[in-house]
Every structure is written in structure tokens, then in C-alpha cells.
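Novice: Sequence:
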Amino acid sequence: MTGSIVHGENILEQIHLLLRRYGFYADEGLAIHGSGISRKLVDSYFKEWDSSGIDDSTFDTVKELEGIVKYKRFLVAIGGGKVIDTGKVTAGNLGLPFVSIPTTLSNDGIFSPIGVIKKNHTPESILTKPPELLILDYSIIRSSPKELLLAGIGDLISNLSAILDWKLAVKLKKDTEDIPSMELSYEGAETFLDTEEEPFSIPFIKILAHGLIKSGLAMQRHGSSRPASGAEHLISHALDKILEKPLIHGIQCGFATLFTVLLHGEMGLFLRIKEFYERVGFPTTLEQVGIPEEKFREAVKLAPFLRPNRFTILHKNPEIEDALNYIT
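In terms of our numbering, the sequence shown opens at residue 48 and continues consecutively.
Derived from the structure by calculation, the hints contain no laboratory data. Yeah, the Cβ is synthetic: ideal placement off N, Cα and C, and Gly gets one too. Treat the hints with care, since some could be wrong.
To be verified - Once the Cα atoms are required to be at most 20 Å apart in a straight line, the calculated EDC-like pairs of lysine to aspartate or glutamate come out as:
no. : residue 1 : residue 2
1   : Lys-321   : Asp-225
2   : Lys-348   : Glu-368
3   : Lys-165   : Asp-102
4   : Lys-119   : Glu-75
Unchecked claim - Label-pair distances were calculated between CB atoms; the ranges are:
no. : residue 1 : residue 2 : range
5   : Pro-192   : Asp-102   : 14 to 22 Å
6   : Gly-315   : Thr-169   : 50 to 58 Å
7   : Thr-169   : Arg-68    : 13 to 21 Å
8   : Asp-74    : Lys-288   : 39 to 47 Å
9   : Gly-337   : Glu-244   : 26 to 34 Å
10  : Glu-291   : Glu-60    : 39 to 47 Å
11  : Asp-74    : Met-314   : 55 to 63 Å
12  : Pro-339   : Thr-223   : 32 to 40 Å
13  : Glu-366   : Gly-100   : 24 to 32 Å
Just need the whole structure built from these sequences, with the hints factored in.
Specialist: In C-alpha cells form, the structure reads like this:
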């Protein structure tokens, strides 16, 4: 079931009124946060609440949080992707309503039914309930680190690659078609790719947010991450295993998208994405992104084995040299 969305500038100043409007009262909930800005926001706007800080998004963290929140009526998460995912999975496990208040837009998890939780240092995607309420304060999001917003840009643009993979899988009878979910995911990314708004301005961030919300809605509708995860995500998961210090998820996915759309033969789309990336300061070469070529090659080889049931262009064992030439 689709949740509600409240968005605007400086709306956290009205947070208690907003939450009460949707039936959420301070003495009945737990607010979780990370370090830095999210902790400061909790100290400023959630003084009367029971709250808990989290350091990482692991299964152990989820288990600990379940013990803290099980006697509450709902859970609010204020922070970045790790905080949102931990709160989402915890609330889903306990059957509690979940309120998502992201402090940045680093991925499409803000409104999706997917939570990424680490097990033995390896991220795992968990299907759970989406947020019942999403609150977006564009003023706070705009002030978040540029690298995190670039990650959100990469995660949204990667939907263009994911849909190409899905269409290929349908054509080869490796998957079933879901046109509304396909269109919802693709539309959000395509609209953002075409925006002429000043990078990182409030109007730009609104379009990014709306695209990420559509991505989440597509996953809600389809019941899996298929509308927003293809070969580019598999390469990112492989890089998580191969690199000593993996990059932010959305940076890896967004960069891998340049490579995977070329594997599909979509030179026009590649050039559009590359031009957009250059305009916003997103890396377009292996040197710029900081991934050694041999590590990227290794990730491409490993990627199709990480999720053999999700057919992508990589499962056709394509020739990769020409595509590599465009990103080196």
C-alpha cells in the first residue's frame, strides 16, 4: 500500500504538527538517527522523544533496535540511507508503521520496500514494507554533502539501464513484463535527465526527489527491486566485494550505467547521460571515479554470478572492450 508524502522547505519546523496530522504522537514512537546532522536534528526537533543512535546498517543493529522499539507504536528514522534502511527493516519485522525523514537523497530507498542491510560485511537487499509517511525537507537535503547527492543522481539515472535489462529479459522470455512499473521507473529517470534546472538548486533537488520517489513506487508496485536494479547494480555489488574501500552505492551504480548502456548498443543514451554527468560533476571515466581498470573488469566478470536469476545484458556474455574504451 502506497504511503503519504509531505514535502517542502523548512518543514521540519512544523514536524510535530505534521506527525500528529497523520496520527503519530511523540510519546508513542521512537526516533532513530545517525551521527552529525541527523543527531543535531533530533536534538533540535525531537527533544521530547525517546531516541536511539545507530552506527551501521547490520543485522545485529536491526536485532538490537527491535528490542528497543518493540513496545512503541511506530518508528521514525531521521538520517541518510543506512539509518532509513535500518529503520525500515526493523519496523517491517515488527509490523510497525515507519516514518522516513531523509537528510539527503543518496539512493531510492527513501520510499521503496527494499532495505539494504549488511551481513558479514556484505550488503543484502531485504524486501519489507515501504514507509507509511515520507517527509522531505528540501532545505536540509540541499545542505547535505554533494557526494551524497551525486550518489542519488547516479542511483536514479541507473534506472535507465535497469529498464533496458528488464526489456531484454522479457524479449528473451527470461522475465515477465510489468509495463506500469517499467514506465514509472523510466519516467522518473528520464525526466530528471532532461532537467535544465541549476544543479543542486532547490528545483533541481525537487526533480531528483520526485524521480527517486517514482523509483520507490515502481518497486512497491512490482514487489521487487527489478524496476531499479539491473546489470549496473550487479557490477556495484561486485565492486563491494572486490574493492578494499567501495565507493558509495549510487556512485558505483551511476558510473556502471555508462558502461551497461553501451553494452546495450545505446550510444545516444550514453552520450546524453555523459553530458548530464559532466554538467553536475559526476565522474565519467574510471580515473575520475577512482576505480582501477583491472578491478572494474573483475567486477564485470563476477557480476552475473551474484544474481543468476535476474537476467541482464551481462548474462549474454557480451563483448566489453569497445564499451570499456569509452570510460577509460
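Novice: Against each hint, give a clear statement of whether it holds in the structure.
Specialist: A quick look at each hint next to the structure:
no.	hint	result
1	Lys-321 <-> Asp-225	violated, 28 Å
2	Lys-348 <-> Glu-368	holds, 13 Å
3	Lys-165 <-> Asp-102	holds, 12 Å
4	Lys-119 <-> Glu-75	holds, 6 Å
5	Pro-192 <-> Asp-102: 14 to 22 Å	holds, 18 Å
6	Gly-315 <-> Thr-169: 50 to 58 Å	violated, 36 Å
7	Thr-169 <-> Arg-68: 13 to 21 Å	violated, 40 Å
8	Asp-74 <-> Lys-288: 39 to 47 Å	holds, 44 Å
9	Gly-337 <-> Glu-244: 26 to 34 Å	holds, 28 Å
10	Glu-291 <-> Glu-60: 39 to 47 Å	holds, 42 Å
11	Asp-74 <-> Met-314: 55 to 63 Å	holds, 58 Å
12	Pro-339 <-> Thr-223: 32 to 40 Å	holds, 38 Å
13	Glu-366 <-> Gly-100: 24 to 32 Å	violated, 49 Å
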